[in-house]
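Protein chains in written order, with the numbering used here: chain A, 1 to 109; chain B, 1001 to 1495.
To be clear, the hints were calculated from the coordinates, so they are not data collected in a lab.
Backbone N, C-alpha and C define an ideal beta-carbon position, used for all residues, glycine too.
Any given hint could be a false lead.
To be verified - If you want a taste of the chain A side facing chain B, the calculated C-beta under 8 Å gives, among others:
1. P7
2. G9
3. T10
4. R21
5. G22
6. E24
7. Y28
8. Q54
9. I58
10. K63
11. A70
12. A75
13. Y77
14. R79
15. E91
16. R97
As the list claims (entries may be wrong) - Facing chain B, according to a computed beta carbon distance under 7 Å, are these residues of chain A, among others:
17. P51
18. G60
19. A64
20. R73
21. R76
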Amino acid sequence: MSRDEIPPGTLYMLILRVLARGGELHGYEIAKSIELLSQDVLQVEEGSLYPALQRMLIKGWVKAEWGVTAENRRARYYRLTAAGRKQLQEEISQFERVMGAVNRVIQTA
Amino acid sequence: MRFIEWLGEQARRGRMLLSHRDRFDQEMEEEMRLHRDLRARELLENGAQVNDASYAAQRKFGNTLRLREEIHQAWGWTWIDSLARDFKYAGRRLRKSPGFTAVAVLTLALGIGANTAIFTLVQQVIFNPLPVAHASELYSLGDNKNGCCSGGLQDDFSVYSYPLYQYLRDHTPEFSDLAGFMAGSVSLGVRREGDHAAAQFFRGEFVSGNYFSVLGVDARAGRMLAPTDDQRSAPPVAVMSYRAWQNRFASDPNLIGRTLIIRGIPVTLAGITPPEFFGDTLASDPPDFWMPISMEALLNPGQASLLEHWNEYWLYAIGRLRPGTDPRAVQAHATTELQQWLKENYVGDRYSSDPYIAARYTKDIPKQYINVIPAPGGVISTRDNNRSALRLLMVISALVLLIACANIANLLLARSTASRYQIAVRLALGASRSHILRQTMTEGVLLALLGGAAGLGVSVATSRGILSLAFRHADYVPISTTPSLPVLGSLLLFL
């Protein structure tokens, strides 16, 4: 069962994408969602999720609020802001630009 | 756009620092623990052993401490963390060598305390204006070096007789008004009307009716004196200081408008001055009562009265210059008027018809003059006496601080020489030079803060001591010994 580390620099995009889909999620749910959506191929290095989330809080892409899980444990839930939604579009188009270029290089070489 | 985003980030950083910093680490810890617990449960459900599951979850999660560092760095808190660490370390080092710490703190406390005390006094005595409205417009006729109560020509005029004061007041339109007041004060026996106990001792000052309006002092209660009070025919009134009212009459509000017996004469108490007002001169034992000059003849009956004596000089004069007036022009004009008045009084038949004396005065009168000088601090004379002494003290205390600093620098140097091996070990373990420097500096700052705090205590005690030395027989000195904010600010700057 080999899994791939996510490419550097795309963690923000993945988190934003998952949040754009799922409303309010806590950290573990975000990690699980990325794994499930990538059909277990992509694996988030779990701890690094939290510094990334904090940096996104600083940039104002997400908002965080404390809530309670289904099992009655306190958890911090993250939600996308308008700025985060915009950032997601930017990250996706940038990613596609880069991937397209890389693809072209691979196919012509 | 970029700038606005940056601003938003800084605002979020600041808000987090101010509101959530204390429980931030705890919350972060809780959040990560939840993650690990959920992961461990999932592994369990997939058939792992209990111990293995939590260990695997932890391994998968990564180093929590490192993550926390990373998060702190993201928020820009690294400097707070390292500062706290440096301070803790510095505190530990200082505790380890209590002898050194005690000597250093004590030295600093003495040096800083003495300086703070002196500066507190210097600021109040030399720089602080009278607590009156627009003190910078106040100008004094004469520099008041002559002291009080003389007769004859003064050359450099600064005390005036009542008639001369009136003449100058009416002939210098450059002043919007000119107040005259007694140089010094008189002692008064005062008791309440109908109270047959012995009279109590107070200090009083005779002032012109416009005194309070020239100074711009409004009554705390009742009213201040008015020019109509300053007439021989007016009913006798007096104004009491807030301090006397509070300390000697228990702030009795019924007293205002009532009659007090002053030197056996019934006098109506018109009002109470504001608490911060201590009179025209910063001196020990300021007046408790201010009375119109015209009452002088009433309280000093017969020959004792100075009021009508044209050549008994006992009054200072301070006025409010009209805006835009050149003090030098006023000085020239006042001098002309003075010489004119002197000629009329000394040379005419009113004074002496003896041709020899008249000739001498005619020769001397052109040499008489008045200096018109700024008087934002009121009458200078008392201040002048203490000024040079204070200046000397200032120099001495600055030297003391310099010596203290040199001593401490020596001590620190000796200490760092002693800890050379320790520093070498730390460098070998990978500490950066800048970090070691920062730690040493933090230690210095901690020492300085401790010394400064101790110095504050010393300063209050010292300035009390200096005041009681300078005014040995005073019951009360209107100088506060609490260091003011500007003084404290410059103290911090010193550190």
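So, going through the hints one by one against the coordinates:
no. : hint : result
1   : P7   : violated, 18 Å
2   : G9   : violated, 16 Å
3   : T10  : violated, 18 Å
4   : R21  : violated, 20 Å
5   : G22  : violated, 16 Å
6   : E24  : violated, 14 Å
7   : Y28  : holds, 5 Å
8   : Q54  : holds, 5 Å
9   : I58  : holds, 5 Å
10  : K63  : violated, 10 Å
11  : A70  : violated, 11 Å
12  : A75  : holds, 5 Å
13  : Y77  : violated, 10 Å
14  : R79  : violated, 15 Å
15  : E91  : violated, 15 Å
16  : R97  : violated, 21 Å
17  : P51  : holds, 4 Å
18  : G60  : holds, 5 Å
19  : A64  : violated, 9 Å
20  : R73  : holds, 6 Å
21  : R76  : holds, 5 Å
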